[in-house]
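K.L.:
Please work from the sequences and hints to get the whole structure.
Protein chains in written order, with the numbering used here: chain A, 419 to 646; chain B, 507 to 798.
No lab work stands behind these hints: they were computed from the structure.
A quick note: this is a predicted structure, and the numbers were derived from the prediction, not measured.
Ideal Cβ placement from N, Cα and C applies to all residues, glycine included.
Among these hints, one or two may not hold up.
[As the list claims (entries may be wrong)] Pairwise CB distance ranges (calculated):
1. 576(A) <-> 700(B): 28 to 38 Å
2. 519(A) <-> 637(B): 16 to 26 Å
3. 609(A) <-> 615(B): 43 to 53 Å
4. 566(A) <-> 543(B): 19 to 29 Å
5. 610(A) <-> 797(B): 30 to 40 Å
6. 700(B) <-> 596(A): 26 to 36 Å
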Amino acid sequence: MEKSISLSPWELSRATPERLSGRDCVYLGSEFCENKLPSAADLRKLRSLYSGKVVLATPLLSNRGLEAARALLRGLSARKRKFEVVVNDWGLLRLIKKDFPLAVPLIGRLLTWEIAEMDKKFLNAFCKEYGVPAVEADSEETLARLKGFRGAVHFHYPLRFVSVTRFCSFTKAFNSAPCARACKGDTIKLTNPKALPEPLYMRGNAYFVPNRPSRHRSIKRLVELYQD
Amino acid sequence: MKMTVGVKSLREAMYFLSAGADEVYCGIARVSNNRLARENFSSPAEIRRVIALAAPAGKKVFLAVNEFVKEEDYTSTLRLLAGLKEAGLAGAILRDPALLAYFKKKKFRFYFTLSTLANCFNAGTLRFFADLGISRLVLPMQMMPENAAGLIKNRLGVETEVFCPALYYGVNLDSQCYLPCPQTSEAASGSFRDFTCLLPFRSKAGTFHMPMPGPDYMLNAVYDFHRAGVGYLKVARWPNTLRQADLFHKARYMLKLLEKGISRKLFLHEGRKIDSKPLEYGKSFTLKPFAG
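P.N.:
So, in structure tokens, the structure goes:
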């Protein structure tokens with residue numbers, strides 16, 4: 419079982435080599451917010467802290483975000499080595515297949531929920547065609563729905579995604595607009611006991627509930643969320 | 507800009523078509539779509555009656571198949587759509603790439619609309635689905651005009667459709683929201699106080715509401731979508747038909763203003779007078795269909 423940690427560029431600015439050491443890989447970016455795509459400088463900074471495998475995490479993308487992701491993929495491809503990219507956008511998946519043979523797409527949590535619904539014969543053939551060896555997940559329900567999928571699963575904890583908006587509560591703008599990353603790496607607890615028995619946790623533009631690492635046999639990698 | 511309206515019955519189809527809708531769409535209970543069974547038609551024969559109603563006026567009818575379809579249902583779905591196509595159905599609304607790929611493999615050509623649930627936010631995603639045979643794209647509710655130009659003026663011949671953001675907006679991405687929701691739950695709708703995304707939450711910093719843009723932003727979005735050349739304005743199926751009818755007439759009024767070439771300033775002035783959250787009909791998710 420591989421062990422990994424995921425962090426956004428803002429969290430990277432506070433990370434130390436000790437927090438990252440001992441991991442088989444490090445995820446950098448975000449599956450939920452376009453403004454948390456890392457820059458080339460962020461990738462260099464991560465490499466100065468950590469010498470292992472880096473996985474680029476990407477969210478749903480606007481045209482502007484897709485161009486930013488394309489630039490990142492170009493930079494990563496220049497190293498002439500295969501690299502993994504978490505993909506939550508059909509357009510990016512298509513782009514990788516067309517232009518970036520060194521990029522290995524991992525289906526992200528937003529798309530995993532969707533593809534888990536698909537006919538598994540189609541899904542397996544689709545993943546083969548697009549060179550997808552694994553998907554990201556964070557719930558037992560998704561794992562159950564993936565029954566019949568031949569690839570591996572990477573499981574995220576200790577928070578399970580439950581909702582996302584593109585209208586950011588920090589900037590009061592759609593998150594395809596530039597922002598100063600005011601959300602930082604904060605996890606904000608939200609409660610309404612009459613509506614939800616358990617609290618929600620807001621991180622940036624996404625909402626989560628707590629989960630635990632799963633021991634499902636399909637899981638080949640555990641991905642811990644970086645938290646201060 | 508034409509108006510397309512979701513309906514739950516023949517009577518609703520009659521109402522909206524006679525009130526100015528250019529198209530209606532509906533679901534059928536045994537085919538996977540984004541509404542509860544009780545909000546769907548029960549048989550192809552009922553859909554045929556809607557087609558027979560719309561066709562003489564040159565109006566169109568579409569079928570929603572906008573959820574993922576199980577492989578064992580592919581053949582029957584194809585058979586159903588082929589039969590209804592022959593009867594005059596104008597097209598189908600889908601989101602499942604696997605189903606689109608199956609239709610392509612079977613050389614079944616039809617007017618396919620990509621559902622808003624597919625979250626097409628960029629030109630690459632549009633190309634991905636265009637390769638699978640779509641003819642129209644419903645822009646995601648959280649796709650705003652400033653990001654949509656490349657999708658609206660695409661070179662693929664794909665038409666575009668939008669919701670009226672000033673009157674209908676998803677606080678979170680609706681296909682990616684797993685919060686408890688009265689509109690998608692089989693549980694009795696009366697047990698929900700409201701949509702979870704509209705409720706107040708407590709946080710360390712005080713009361714928190716899940717964010718959404720202000721009314722002026724949304725009115726500007728309606729204006730800009732119209733100017734950008736979006737072809738269709740959508741009024742979705744709602745459980746509470748009176749609320750839906752209210753929304754339809756307000757959307758139609760806005761559209762009339764836009765078609766007259768009203769200035770942005772005047773459109774905002776008029777738009778601000780429209781109550782976008784009517785309460786007199788009850789909650790939007792309470793099933794209150796027209797009788798009959």
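K.L.:
Take a look at whether the Cβ-Cβ distance between residue 566(A) and residue 543(B) falls inside 19 to 29 Å.
P.N.:
With a Cβ separation near 26 Å, residue 566(A) and residue 543(B) satisfy 19 to 29 Å, so the hint holds.
K.L.:
If you check the beta carbons of residue 610(A) and residue 797(B), does the distance land in 30 to 40 Å?
P.N.:
holds (36 Å)
K.L.:
Taking the Cβ atom of residue 700(B) and the Cβ atom of residue 596(A), is their distance within the range 26 to 36 Å?
P.N.:
holds (33 Å)
K.L.:
Per the hint of 16 to 26 Å, is the separation of the Cβ atoms of residue 519(A) and residue 637(B) within bounds?
P.N.:
holds (19 Å)
K.L.:
Regarding residue 609(A) and residue 615(B), is the given constraint of 43 to 53 Å on their beta-carbon distance met?
P.N.:
holds (52 Å)
K.L.:
Holds or violated: the 28 to 38 Å window for the beta-carbon distance between residue 576(A) and residue 700(B)?
P.N.:
For residue 576(A) and residue 700(B) the Cβ distance comes to about 29 Å; the hint holds.
When held up to the earlier numbered hints, the structure conflicts with none and fits them all.
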